[in-house]
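Enquirer: Residue numbers (our numbering), protein chains in the order written: chain A, 647 to 961; chain B, 5 to 94; chain C, 5 to 111.
Keep in mind that a hint or two might mislead.
[Said to hold, decoys possible] With a straight-line cut-off of 27 Å between C-alpha atoms, the simulated BS3-like cross-links for lysine-lysine are:
(1) C/43 to A/838
(2) C/32 to B/42
(3) C/68 to B/42
(4) C/32 to A/667
(5) C/31 to A/667
(6) C/68 to C/43
(7) C/31 to B/42
(8) A/838 to C/68
(9) B/42 to C/43
Think of the hints as simulated: they come from the structure by calculation, not from any bench.
One-letter residues, chain by chain:
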Amino acid sequence: MTQVLLIFWIISAACIIFCRKVYRVIIYFGVFSLITSVIYLSLGAPDVAMSEAGISAFATIFFIVCVEKYYSRGRGLRREQAQEKQHKKLIFTKFVPPLLFTLALFGLFIYFVPTGYAITELRDQYLQMFMIDVGGTNAVTAIYLGYRVYDTLFEALLLVVAVVAVTHVSWLGLDQIPDGRHSEIENSAMAKFTMRIICPIILLFGAYLIMNGHISAGGGFLGGLTLATFFICRYLVLDIYDLPIKKVMKMEELVFINIAILPILAIFTGLVYVVADVAPFFQNIYLIAMSFLIGMKVACGFFILFYRYIAIERL
Amino acid sequence: MYIILGIMLGLLTPYLIRVIIGPSVWDRLLGMNLIMSKTILIIILFASIFETTFLLDFAIIYALSGFIGTIFLALFLSRRDLQKVRKGKK
Amino acid sequence: MQLLSYIVIGIGIVFMLFGVLGIFQPKKDFYYRVLVACKIDTVGFLTIIIGLAIRHGISFFTGKLFLIVIIMMVLNPLVAHIMVRSAHNSGYAPACDSERDKHETSA
Chain A
647 MTQVLLIFWI ISAACIIFCR KVYRVIIYFG VFSLITSVIY LSLGAPDVAM SEAGISAFAT
707 IFFIVCVEKY YSRGRGLRRE QAQEKQHKKL IFTKFVPPLL FTLALFGLFI YFVPTGYAIT
767 ELRDQYLQMF MIDVGGTNAV TAIYLGYRVY DTLFEALLLV VAVVAVTHVS WLGLDQIPDG
827 RHSEIENSAM AKFTMRIICP IILLFGAYLI MNGHISAGGG FLGGLTLATF FICRYLVLDI
887 YDLPIKKVMK MEELVFINIA ILPILAIFTG LVYVVADVAP FFQNIYLIAM SFLIGMKVAC
947 GFFILFYRYI AIERL
Chain B
5 MYIILGIMLG LLTPYLIRVI IGPSVWDRLL GMNLIMSKTI LIIILFASIF ETTFLLDFAI
65 IYALSGFIGT IFLALFLSRR DLQKVRKGKK
Chain C
5 MQLLSYIVIG IGIVFMLFGV LGIFQPKKDF YYRVLVACKI DTVGFLTIII GLAIRHGISF
65 FTGKLFLIVI IMMVLNPLVA HIMVRSAHNS GYAPACDSER DKHETSA
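Chain A with its partners taken away, still in its complex shape (with noise of 0.2 Å):
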């Protein structure tokens, strides 16, 4: 089963390397990471699967937008041609090494199995105590809210960032925000009808896959990934642009600081491990509210982005 899935995540992963035109690329990568979700599901970890499927669609957009981008001032086709001349005549030099390397790739990760036991006190540690500590029957949830809080910190950290540095880079030099390119699908009545069925429905989903994070697979950033879409899904039938971006940006920042605080008062302070022997059902809040901020944070991040690419774009 994994290994016929390997077969064709190597197909599509040497048709990117290989390939030299731009938006056949995209659509490889949307078939390799479609695959490459199935692998991880197949090897045991949803989790990481579930990201990768809500990821894949953000990054087919981003990729998009960019290209469009670069291919509008003219550079990118004379820089294809020219690559296209060189292609024909490196072929062999630039076909035969990498599919080597992945051939022997392969047949390690077929055949070399390590047998062996790595030092486990930490995981034993952790997977007996998190129950205790920080409460939830999600390890994957409980160890990184509650053991590992620099790591989400600095997610959070690194998301803020790049949401700085893609509006005021693209504010440079502007006086006022521009409008953006309409969608083109807004004028189907088909597809107005289907969108009024399914964002209800989307909505609903990403609020449940918040508030069930400390249960199930799934958590803040996959609910926040889901209310992001139905942003997505709102600008393709009703193309608006009068949504105030600078205040999302100012919530953005408060979420942010939350973010910090929340941790800091719980569990640096040690509130959570006091009240964890008087109530235990108290932690579960813990962990509900802070998987809500994170999702509240990727929602705004992930909307900021979306709007103002699209808005770029019409430069």
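With chain A's structure known, arrange chains B and C on it following the hints.
Expert: Okay, now just chains B and C, sitting in the frame of chain A:
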């Protein structure tokens, strides 16, 4: 159930061939869309074999967020070809 | 119940195999392939999920399957619609139509 899973995996091959050899970009998009629906089916079959319901969340996420990439690719491709046609007419 | 569910799933798989036949038609263009593939793919998907619902009886599993059925029944035709629409907008002409157009304009 494993036989059905194997058939689904085997069905991935003709679609992958269509993605690779497709004469136009639209054929490749069509192949990607078909591979996506097969992926969702494979996940549902996994969930049915292991009798777990939380894997179905994964399938729902795929169904909800996967189509957006395809829609945006289609929109931007149509714009790009329109620009080409206009330049050719000029 | 098991046997019935397997029969229904088998019917769905037969639909999907017909879809593969439709994809590999030589001398046909994109519109023909979209017409065959997306329609038959949706039907096969729904049939297989109905088979799985019969297999699991009335349970939480079947409820979530029902949600997936609603989403896919709505979204799969929408994606096909948008693909064909933007292909038509971009000026990708169907093969037989363009020949007829040439004939009409020349005559």
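Enquirer: Take the hints in turn and mark each one as holding or not.
Expert: Here is what the structure says about each hint:
no.: 1; hint: C/43 to A/838; result: holds, 21 Å
no.: 2; hint: C/32 to B/42; result: holds, 24 Å
no.: 3; hint: C/68 to B/42; result: holds, 18 Å
no.: 4; hint: C/32 to A/667; result: holds, 24 Å
no.: 5; hint: C/31 to A/667; result: holds, 25 Å
no.: 6; hint: C/68 to C/43; result: holds, 23 Å
no.: 7; hint: C/31 to B/42; result: holds, 26 Å
no.: 8; hint: A/838 to C/68; result: holds, 25 Å
no.: 9; hint: B/42 to C/43; result: holds, 14 Å
Consistency with the previously given hints is maintained throughout, with no hint failing.
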